[in-house]
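Take these sequences, add in the hints, and give me the full structure.
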Amino acid sequence: DVKVTQSSRYLVKRTGEKVFLECVQDMDHENMFWYRQDPGLGLRLIYFSYDVKMKEKGDIPEGYSVSREKKERFSLILESASTNQTSMYLCASSSGDQETQYFGPGTRLLVL
Amino acid sequence: GQSLEQPSEVTAVEGAIVQINCTYQTSGFYGLSWYQQHDGGAPTFLSYNALDGLEETGRFSSFLSRSDSYGYLLLQELQMKDSASYFCAARAGTGRRALTFGSGTRLQVQP
Numbered sequence: 014d015v016k017v018t019q020s021s022r023y024l025v026k027r028t029g030e031k032v033f034l035e036c037v038q039d040m041d042h043e044n045m046f047w048y049r050q051d052p053g054l055g056l057r058l059i060y061f062s063y064d065v066k067m068k069e070k071g072d073i074p075e076g077y078s079v080s081r082e083k084k085e086r087f088s089l090i091l092e093s094a095s096t097n098q099t100s101m102y103l104c105a106s107s108s109g110d111q112e113t114q115y116f117g118p119g120t121r122l123l124v125l
Numbered sequence: 147g148q149s150l151e152q153p154s155e156v157t158a159v160e161g162a163i164v165q166i167n168c169t170y171q172t173s174g175f176y177g178l179s180w181y182q183q184h185d186g187g188a189p190t191f192l193s194y195n196a197l198d199g200l201e202e203t204g205r206f207s208s209f210l211s212r213s214d215s216y217g218y219l220l221l222q223e224l225q226m227k228d229s230a231s232y233f234c235a236a237r238a239g240t241g242r243r244a245l246t247f248g249s250g251t252r253l254q255v256q257p
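Line by line, the protein sequences are chains A and B.
Residue 53 in the numbering used here sits at position 40 of the first sequence, and the numbers go up by one each step.
Residue 234 in the numbering used here sits at position 88 of the second sequence, and the numbers go up by one each step.
FYI, nobody ran anything at the bench for these hints, they're computed from the structure.
Be a bit skeptical, because a hint or two may be false.
What the hints assert, rightly or not - No farther apart than 25 Å at their CA atoms in a straight line, the calculated lysine to aspartate or glutamate pairs in the DMTMM-like style are these:
hint, chain 1, residue 1, chain 2, residue 2
1, A, Lys70, B, Glu151
2, A, Lys16, B, Asp185
3, A, Lys66, A, Asp41
4, A, Lys26, B, Asp185
5, A, Lys16, B, Asp228
6, A, Lys31, A, Glu85
7, B, Lys227, A, Asp51
Okay, structure coming up:
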């Protein structure tokens, strides 16, 4: 069964903290993605990666960075968390040129 | 840039048929996908249309018209469990495998 897991379901952090969100997939997928989801705005792409050590900016990369050292793991880093980064963060993966993306359960981040 | 427009909310009764529309403006269009997301859950893939026409999967069908930059998701024999948000999505530009999503349509099924 396809599985994408995220390190936390809920996180509370303080402004200025460095935050790591981890995502792991067990499907040997090449592609991995980070989205954030806010009410009325749908899912917006932050960063994605086609291969180990490769990354591309999405539509809203400001304030975020990513790391992909292993094929199965894609990390999202908030260098200095701010209150406007309070959101639901969703990780997804897909295989090759396939359209279907498989999503993790999401991490709801609250920055105080 | 890429944009996909869909209605914010739709309400229907159990057993009815509902259509959720999506219009798009994208570069390098490959096809249109649909995802379902229940409250508190992860989006799950429903369907994908690369070619014009209707694709049927059980109670759900999806339609695409490339010439009109338009697609829809059709849900038949609605059940309470179909209450969820539905997102259309398309490739985020030429050569990109990432998706751009619409803002989502919240479907409420009433008894």
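So, going through the hints one by one against the coordinates:
About 23 Å separates the Cα atoms of lysine 70 (chain A) and glutamate 151 (chain B), which keeps this hinted pair within 25 Å; it holds. With a CA separation close to 19 Å, the supplied pair lysine 16 (chain A) and aspartate 185 (chain B) stays within the 25 Å bound. Pair hint lysine 66 (chain A) plus aspartate 41 (chain A) holds up; C-alpha atoms about 15 Å apart against a cutoff of 25 Å. At most 25 Å may separate the alpha-carbon atoms for a hinted pair to count; lysine 26 (chain A) and aspartate 185 (chain B) meet this at roughly 24 Å.
For a cut-off of 25 Å, the pair hint linking lysine 16 (chain A) to aspartate 228 (chain B) stands: about 23 Å separates their Cα positions. A hinted pair counts as satisfied when its Cα atoms are at most 25 Å apart, and lysine 31 (chain A) with glutamate 85 (chain A) qualifies at roughly 23 Å. For the hint pairing lysine 227 (chain B) with aspartate 51 (chain A), the CA-to-CA distance comes to about 23 Å; that is within 25 Å, so the pair holds.
Of the numbered hints stated above, none is contradicted by the structure.
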